[in-house]
Every structure is written in C-alpha cells, then in structure tokens.
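Below, each chain spelled out in residue letters.
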Amino acid sequence: MSIALFLSVFLIAACGLIYELIAGTLASYLLGDTVFQFSTIIGCYLFAMGIGSYLSRFLHRGLVARFVSVELMVGVIGGFSSSLLFLAFAYTEAFRFVLYAVVILVGTLVGLEIPLLMRILKERFQFRELVSQVLTFDYLGALGASLLFPILLVPKLGLVRSALVFGIFNVGVALWSTYLFREQIARTRSLRAGCFVVLALLGTAITFADDISNAADNSLYADQVIFSRTTPYQRIVLTKWKDDLRLFLNSHLQFSSRDEYRYHEALVHPGLAALPGARRVLVMGGGDGLAVREILKYPTVQSVTLVDLDPEMTHLFSTHPVMSALNRHSLTNPRVHVINADAFRWLDTNTEQYDFIVADFPDPTSYALGKLFTTAFYRLAAKHLASGGLIVVQSTSPLFARKSYWCIVDSVKQAGLRVYPYHVYVPSFGEWGFVIGSFAPYEPPHQLPAGLRFLSTRNVAELFVFPVDMQPVPAEPNRLNDQVLVRYYEEEWKDVAH
Amino acid sequence: MTRRQFVAAPALVGLWRKTDRPITGGFVNDSSPLGHRLRDHSAFRPPARQVRIPVVIVGGGMAGLNAAWHLDKRGFHDFVLLEMEQRAGGNSRWGENEISKFPWAAHYVPVPPKGESLARELFEEFGVFRDGKWDERVLCFDPQERLFINGHWQEGIEPDDGASAGDRGQFRRFQQMINDFRATGQFTVPMDRGLNPSALDQLSMADWLSQRRFDSTPLRWYINYTCRDDYGTLAKNTSAWAGIQYFASRESEEKGPLTWPEGNGWIAARLIEKLKRYLRTGEVVYRVVHSGAKVRVLTEQTEYIADAVIWAAPTFLASYIIEGAPRAEGFQYSPWLTANLTLDRIPSQNNPEPAWDNVVYDSPTLGYVNATHMTLATHIEKTVWTFYWSLAEYTPADARRLLLAKDWNYWKEAILNDLARAHPDIRQCVAHMDIMRIGHAMARPAPGFIFSEERTRWQKPLGNIFFANSDLSGFSIFEEAQYRGVEAAKRAQRLVSQA
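Those sequence lines, one after another, are chains L and D.
So that you can map any letter, position 400 of the first sequence is 400 in my numbering, and since no number is skipped, the others follow by simple counting.
So that you can map any letter, position 62 of the second sequence is 1062 in my numbering, and since no number is skipped, the others follow by simple counting.
Quick caveat, the hints were computed from the structure, so don't treat them as lab data.
Cβ coordinates follow ideal geometry from the N, Cα and C atoms, glycine included.
Be a bit skeptical, because a hint or two may be false.
What the hints assert, rightly or not - To give a feel for the contact side, a few chain L residues facing chain D, derived at Cβ under 10 Å:
(1) P232
(2) L309
(3) D310
(4) D342
(5) A343
(6) F344
(7) F361
(8) Y367
(9) T374
(10) T375
(11) A376
(12) F377
(13) R379
(14) L380
(15) D482
(16) V486
Said to hold, decoys possible - Derived pair list, reagent style DSSO-like, types lysine-lysine, alpha-carbon separation capped at 30 Å:
(17) L/K383 to D/K1255
(18) D/K1114 to D/K1460
(19) D/K1412 to D/K1101
(20) L/K383 to L/K403
(21) L/K413 to D/K1114
(22) L/K383 to D/K1101
(23) L/K403 to D/K1255
(24) D/K1133 to L/K383
(25) L/K494 to D/K1255
(26) D/K1101 to D/K1133
(27) L/K413 to D/K1255
(28) D/K1274 to L/K383
(29) L/K403 to L/K413
(30) D/K1490 to D/K1460
(31) D/K1133 to L/K403
(32) D/K1114 to D/K1274
Bound-form chain L, shown alone (with noise of 0.2 Å):
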C-alpha cells in the first residue's frame, strides 16, 4: 500500500518536470534564446507551484475528489500542452501568451498535487515520515524525468507525444486514486468515467500526433520570425538574428543575409561577365532579387525579365523596406520586368531569346520540382540562348550531394551543350555547386564589375578547380519520365542537418 502511494508521488513528480521540460524546449525551439526562454519558464513554473501550494489551504473537504480533479486537469492540460504549443506557434500570433498560460495553469495545478496528497495520507503515516518519505519520491521522480526525457523522450517519441504519454501517467494515477482510496470518495462512478473519457482523448490524440507536428513543423525556425505567410504556392518565412536575415521557403534556408553575396556574387558574374556584349537576361526563381541585384551591375544589360511562381514574393522583395534594401531595389528597377509564372510552361509558350539566362529553382526535393532540372527543360531553355549565350544553374551542393550535382552537369550536358562546374563555399549553405551550360566554349572572365565583395579575377578561375572530395562521380541523367535526380538529392541530403 505505501510503496504504491509513494509510486504515484514518483509518477507526478515526473510528469511535472517533464512538462516543464517541454515548455522549455518549445520555447527555445521556435524562439531561440535557450538561456531567456529555460530561465524565464522555470521562473514561472516554480512560482506558479508555490500559488498552488498556497492555494491548497482553501480546499476542505473531499480531497481524494480533489486530488482526483486536479491530476485529471494536469493530464488534460500537460498532456495536450505541446500540441496547443505547436498549433498556437503555427497558425496564432499569440505564442508567447499561450506558452505562459499554460506554464503557470500546469504549475498551479502541480503545486496543489503534493500539498493535497500529504493532507490525504496524514492519518496514515507519522508526519516525520510521510514528509521524508513524500520528498524523496518526489525528487527521485524529477531525476527520472529530466534523464528520461533527453535519452528517450525527445528522440523517440518527440515533443508532442511525450506530452500526451505523460498526460496518460496522471491519468493513471487519477484511476488509480479512485480505487485506493475509494472508502474517502463520494463520487466514485462520475470520477472515474472522467478518467476513461480523457484517457480516450489523450489515446486517440496519441495516433494522430504526426499530424500534429507536422502541421506545426514547417514553423521550427531558431530566430525571431519577422514576416510568415503562406501563399497557394509555399510557405514565405523571414526570420532575423541580429543582422542576420534568413529566407525559408517550405523550411529549407534560400539566403542568409550575412553571406548570400557570396552565392549571388558567383551564382551571376562568372557567366555574365564572361559576355561582354549581354543585352538581354532571363532570372527563373529567384525572386528574392539579390541575383537581379549583381545582374543590374553591368551597365550593358538593357533588359533582364525575372520570372518567378509566387506573386507575394517578388511583392514582398519589391516593397518589403528591408528586403528591398539588400536587393537594392533591383525588382522595381526599370530594366527588369517581373512575370509570375511557372517557369517550365512559361518558356515553353515564350519564343525570345536571351544573352544569359540563371535558372535558380528551389533543390529538387520533389518530383514537381525536379521537372526543372530535367533534360527536357535544359533542351528547352538551349532554345532560348542566343548564340553565344550562357546558361547557369543552381546545381545544389557538390559535398552534401555529389551524385545529385554531377546528375544536374550530366543533365545539362545531355541537353547538347558545354559544360563548365563549378563551385563556392557559402558559410550558411556549405559547399555550393553551379554550371554553366554554353554551345562555344567558354573562359572564366578577365574583367569583373567593381565593388564586388567576394570575387576577384583572380580567384574566379579557381572556383572551377574541384578538390578530390566532389569531384565528379557517375550518375545518370535526370529526365521527366526518370527523374533519378529527387531519388539521388533524398538519399543523400537524408542524414545532412539543414
């Protein structure tokens, strides 16, 4: 009888902690700043006990009933607490004050567990031991938990599934109240149809949790997020980190502010500086702008037509005052012309030609994407080169995913023009690959416009050198009715963080 009731101060105890642990991790998670986020939610937790404690003293009669109620609330409330977490980050402006709702409801209500069950067990135990006895499980079931929930629980079973198997817990010791302490209890029967009904909820919940954090998944940045929208075509996520701007679409990381010129710088000029005479450009993607921005630097170009899906992006880079200032206003520049269109369709019902075009699509991360990295859509965009022209292509990394990157040049070269690899090493991205697609052969430029911060003519040369580590390796074309390149980028980006 005793180690039973002493188990189940282990249990809450436990469950307690755990649900501070995942109000901590949440907050960290999606708003970064561990230190403030751990220190301010422990603050208000441990507070929140103590008004519970407090709060305890105005509870008389029907404790058990009480006690019962409280560990159902608990169960209710700490178990669904990271799902209501996720879903409030995703799809409400008010996470903040959700997160601290639910930090102070579930420590109030814990702060009244311990306080109730010592005033129920009073009459069974001397006072020096229950006390003694009491603590201890209780500190032992919060070293079980904060061990449990690093090894284990985040890893195995996530953040919201964890919430819910411990939601279970409290229920469990809800039941279990009714049947100990039955003879203490008026209604038994209604408590304990209580119990089954939350255990049902928290049950059903449990298989349905990958809904849950993925509905809420898209939403994990570490930064502060500035501006989030999701459009018929992608989710559009802004985030900023002291001077540090990030772009995300669908959660993959499209520029770093701090570095981007470092992939737009090569991304642009070892093509275009390469044609002396380029009068017209074609950009497909990029929207945000930045390689519109290095195109904008040859005084030359009379025209450069950026096609790019998403209306609310190039709206959000044309008029954003801070992303039209790293652009430097390049898409509201009267050279450029912006098409919202898609891309593969839009060439294919279009018949001019152009003197460079940048083909900087998203990675091929599914099939509906590795259209535009198939051979049918270098044919297409060949068509519209002028002769002399040169294409270039955000090929993906050539470290991370070599086959990937080496299937993109084998593309383009199938397409029935010259190939010319070549790479940059991006802080936020790593290694990066590009290639130019050219009919005459191609020489990396003598001259570069002014002011560039990364390239110089003499290092541009070197960017086509590849160390041992990604040099090419045998991989077949990606074609429309094969598309061996989403199979290849999966396997191998599988297992990279990013």
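Fit chain D to the given chain L structure using the hints.
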C-alpha cells in the same frame, strides 16, 4: 529536417467542414439509344443523294482512322470515313474543360519497341519519335504509378508493402516465366506476327496460375488487376494466352508509356486534323448491301456506291447492318464505366506524390489517372481525374443491364465511396463529375477465343467488305486497331486497283 509535407493543416480544416458540397454532372456521350435503334432495325430516313466512291470506311475509331491514314499516305484519296458520332475517336475520344484536356477511354500506348514499325512510323510523323529517340515530354512523367495498400500509398502498382519473402519469390518466378515466354517470339504486338497455336488459350489465366503453383495473394491480385485493366475481365474469365500476352509481348528500351493529358485523344486529334477532308461525322450507317460488284452503304444523308468497304466498327454490329453477314459468334465485349472528375482542390496526401496512375488495392475499380500529370508546371491547384471501372465481376449482359438501370447519383456515390478509401476528403474536392457508360467497350479474350474458328473467319473479307476492328485480335488496344485498320486498307486498295 528532410522533405516536409504540410499535411495536417488541410486535414484539420476538413474536420470542421462537415457538410458535403453539391457535385454537378450527369451521364455524357450516351451511344446506347442509337446502338439499340441499329440493333432493332428501327426506321431510318432514306438517303437524299447518291455518291459513287471507290472506298468507304465505316467507323472513325483508331482502326478506321489508321485505315484512312494508310490510304492517304499511299496517295489514295478516293474514299470517305463515316462516323456515327459528332466527333471521331471511338475509344480514344477525349474531352476538355477549363482545367485540362482529359481522356474518355484509352489513355496510353506502351512505348513501341523496335519490331512495331507501324506505330513507330505514325509517331515519327507526329514528331514525337525522332532519330531513334522519344520526345521526353510524351513519356509518362515520374512518378508513373502508385498503389494504395495497408492504409497508405506505395510507389508502383505491384504490391510490395506487406509482401512476404514468399510473395517476392513468386513475383520473381513469374517474371522469369514471362521472360521465357517472350524469348519464344510468339507473343508480339501486333499479335498476328508471332501467333502460334498454343494450348494456353484453352486455360483461364487463373487456372494457369494455380497449375504453376502461384498462390501468392498480392501476385494474384496484381495479375487479376492487369486482366481487368487491359481486357475488362477477371483472370478466371481470361484466356491464359491473353493474360501472358499482356506481359510477354513488350519489352521497351524506354521508360514509358506514351501518354498525354487527353490520353490517346492526342493521337485521334492529330489523325482527325490530318484526315478531315475524308471524314463525315454524324453519318449513321444503317444498311450495307452487296449489289453486283458494288457495295451500297446507306446513311440518312447519302447512299454511297463503293467498290470496297472497310468495316472498322465493332465486328458484332456487322450482322445487324450488313446484309447476309453472320452473327459474330464468340465475340464478347466488356462494358465499361468511365468518369471524369473535376477537382478544384487537390486532396491532402502524404508521400509519395500523386502519380499518373493511382490504384487502390482490393478495389473492384481500376483507380484513376490524373490528367494534369503531364503538365510542365510545378504547381497544380485544380485537376481532372479519369476514373475507370470495368465491371469485370459481372457477365457482360448483367453489367450492361446494371449500367442502364442505375442512375447517375448511384454511380457518383459508388465512385466517391471507392475513392474515399484513399482520399477521405474527396467529397470536399470534387466539383463536377461526368460519367460515360460504354456498353461494348473492349473485346474480351475469353478462354478459347484467340485460336477459335469464330475469330479467324472474320479476317477473310465478306464479298468486298474488309473487317478492321481491333476486336479481330481478341482484345482492344491501340496497336491492334492500327494494324487491323492498315491491313484492311491495304487489301481494299489492292481490290480497287485491280478493278
């Protein structure tokens, strides 16, 4: 963080939207009233004028169109092609709405391998086969097929999810046997080329599987599916020769098949455009009579006095229309139901991505084909699905009765219920559903039919009438229709030039 699919949000929204939206639509392209008038020898108006013409082609499906294609190509222009519907195309007819073109029946052609010179010639002419290479844009885009099994989608139609080592072993053994059959050179497209009397035709595919100790449930489901899909019959009602022909007749060097948003309507449209000067649509041939060395072909508009007739309509119709033609004994046809569903929202789904052909395991239907799969666009918000149902579990006569007895609402609900197994939110996505009932859609290669006297006798002409429908091969596929059409055209032209 790897590929993330934003799945739960629409599902959560779906929970609140309980009420089903109204779905518009109805039956379309019903040809049964006209068919029944022909069968019952109802009164037709006598033709107002008489035209003398060397060759008349009856029926504007693939056989008739290809007969015309052949004649035109050989510089023979003195013929007409009569089609009873307002538009030619037959089983390759297609439709179009504001979202996409879509097929009404045949929707693909396996990539023709080297031996299929006729099909290659046609596709070369249409510019999709050049210098020995196929245009990537008409080869079915990746991912081609998926199967809903055990509560989720797997890539490919061969059931692999939940398959045991024993099942996989049987799949491998089956493939090995098919390779051996292929090596005999007796299973070819067109089938006439390699045909050699075979005892396999006396067995049903199901019996042959049992004899060879193929008892794996997923394997037998798969083979039954292929019989339902290609012939509209269950494996137990399909000749084992035909069941094997499906697998053993082709080995393509290119990943395919060839397909277009409007299915084989793409081929039909090109043939119609090229041959429109010969085409007379809306002309119902209600009587064909030999008269001396000539054949009189009667429609309500015109009486054609021809030297030769190419009968490209289904062979079973001959006895109702051609004077003196015997009944086409042994010819059986599967009735089909196809539906085109307009979706103004894509159902939420997990990986893998929607494929071109989407099949539900253990469903009596054949699943659906996505018309917008062959788009170059990366982003699709609305689409059209073509849903296929061959009603194979009934006898053809029972299935035809059922098709006519039940109203549109009944079939609509049946289709939605079937799809809801894989797409729980389907009712929130479908705005419109047109349903087409085809009473005699495809020839059925029942056991014994391929090598029967009944089938081969129709390959001989009846006087100056040459038969050309694909049902002469025992099953209805594009390549057989093309081959039969071209063969009949050659013979008709020979007869005319001798005269």
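Under the constraints set out in the numbered hints, which ones does this structure not fulfil? none
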